[in-house]
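Novice: Sequence:
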Amino acid sequence: MTSYDPTSTADAASLSGIRFSYDGGATWALDGVDLVIRDGEYVALTGPNGSGKSTLARLVSGLTAPDAGEVTLLGRHVFGRTQTPAGIVFAPNPDAYRAARRGIGAVFQNPEDQIVTTVTQDDVAFGPENLGVPREEIGRRIDVSLRDVGMGAYAAADPTRMSGGQQQRIAIADMLAMRPRMLVLDEPTAMLDPAARAEVLRILDSLHASGTTIVHVTHHRDEVLRANRVVRVAAGRIVFDSGSSGDRSSECYDESVSGFSGDRSSGGGVRASTRSRPLGQAYGRDTHTAPPFARIARIGAFLRCLRAVRRCCGFGFGDFVCLCSGFAGGVA
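Taking full-length UniProt numbering, I'd label the letters of the sequence shown as residues 1 to 332.
Just so you know, the hints here were simulated from the structure itself, not pulled from any lab data. Please note that a few of the clues may not be correct.
To be verified - Across the chosen pairs, the derived CB separations fall in these ranges:
id : residue 1 : residue 2 : range
1  : Val36     : Ala86     : 47 to 57 Å
2  : Gly24     : Ala195    : 37 to 47 Å
3  : Arg161    : Glu136    : 41 to 51 Å
4  : Ala209    : Asp95     : 31 to 41 Å
5  : Thr82     : Ser206    : 34 to 44 Å
6  : Gly32     : Gly243    : 14 to 24 Å
7  : Gly75     : Arg147    : 41 to 51 Å
8  : Asn110    : Glu137    : 27 to 37 Å
9  : Asn110    : Thr84     : 36 to 46 Å
For every residue, glycine included, the Cβ atom is placed at its ideal position computed from N, Cα and C.
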């Protein structure tokens with residue numbers, strides 16, 4: 001990969017006229033948002049709690065679709081106007097979403113939510129296996145990804161027993177093994193101690209230097225300063241965009257980072273605690289238009305249940321697979 005080229009015109013993500021509601025349109029978490037992120041940029045998304053920045057991050061990562069607007073991710077037109085027998089409507093393109101998601105990684109605040117096995121190397125292998133990557137290549141990716149995040153010595157360790165910083169590095173390694181062109185992170189350092197936070201930021205700097213597009217939701221001024229572009233969201237709208245120049249000397253920039261670290265004003269947005277719309281429902285109001293995403297939601301629910309069982313009795317994903325294989329063999 002090459003480093004970020006500020007003259008590049010290639011787009012990692014393009015969103016136009018975006019509207020998104022968690023309550024059927026009574027209030028809008030995002031309202032009229034336009035955003036273009038170019039390949040190789042390091043974009044810091046900022047704003048007070050409830051401003052809509054986390055929702056915007058989910059749209060950019062392809063985990064959620066809007067109610068209206070046009071979305072293109074990694075060159076795939078994943079959401080927009082579609083002709084139906086009833087007329088033109090806004091709808092997702094499940095095949096395009098699926099293709100785009102192969103090149104996008106997402107990391108969130110609580111790394112434990114992304115860990116699905118009790119062996120680190122199995123956890124890192126989970127994504128590539130689901131992408132159909134050959135076994136030998138998966139082995140190489142595990143080694144490289146764990147080495148890149150400084151966790152090479154923990155390949156056989158249980159990630160559920162690690163510190164928050166180590167788990168966050170494993171979550172990042174999980175994404176790196178999938179070779180994403182774009183990595184979206186929603187406050188990935190929020191639960192980390194200073195040393196672990198510094199290590200995660202070092203990893204992000206290294207990824208950006210290698211050419212990976214980074215979209216980083218943060219409340220921390222020092223994290224914003226690492227980005228080459230700052231976008232502030234307030235009340236569901238983009239109210240400031242520094243552009244690729246990364247100029248942070250203006251009054252607009254000062255406004256873009258105001259309210260950091262504990263600003264609780266929602267500015268008319270929607271607080272994270274109310275964001276409970278199921279993933280399947282996020283892809284248009286007719287959930288039958290995107291069955292793949294409903295299946296993904298069910299898989300996510302299954303993995304959450306499996307994690308709960310694992311915490312109670314140490315029963316992991318690998319154990320479950322072995323049990324199912326043995327059961328199937330016995331039936332046969």
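Novice: Taking the hints in turn, state whether each one holds.
Specialist: Verification of the supplied hints:
1. Val36 x Ala86: 47 to 57 Å: 31 Å, violated
2. Gly24 x Ala195: 37 to 47 Å: This hint holds: roughly 44 Å between Cβ atoms.
3. Arg161 x Glu136: 41 to 51 Å: The hint (41 to 51 Å, Cβ to Cβ) is violated, given that Arg161 and Glu136 are roughly 29 Å apart.
4. Ala209 x Asp95: 31 to 41 Å: About 33 Å separates the Cβ atoms of Ala209 and Asp95, which means 31 to 41 Å holds.
5. Thr82 x Ser206: 34 to 44 Å: 40 Å, holds
6. Gly32 x Gly243: 14 to 24 Å: 19 Å, holds
7. Gly75 x Arg147: 41 to 51 Å: Distance hint for Gly75, Arg147 is violated at roughly 30 Å.
8. Asn110 x Glu137: 27 to 37 Å: 29 Å, holds
9. Asn110 x Thr84: 36 to 46 Å: 39 Å, holds
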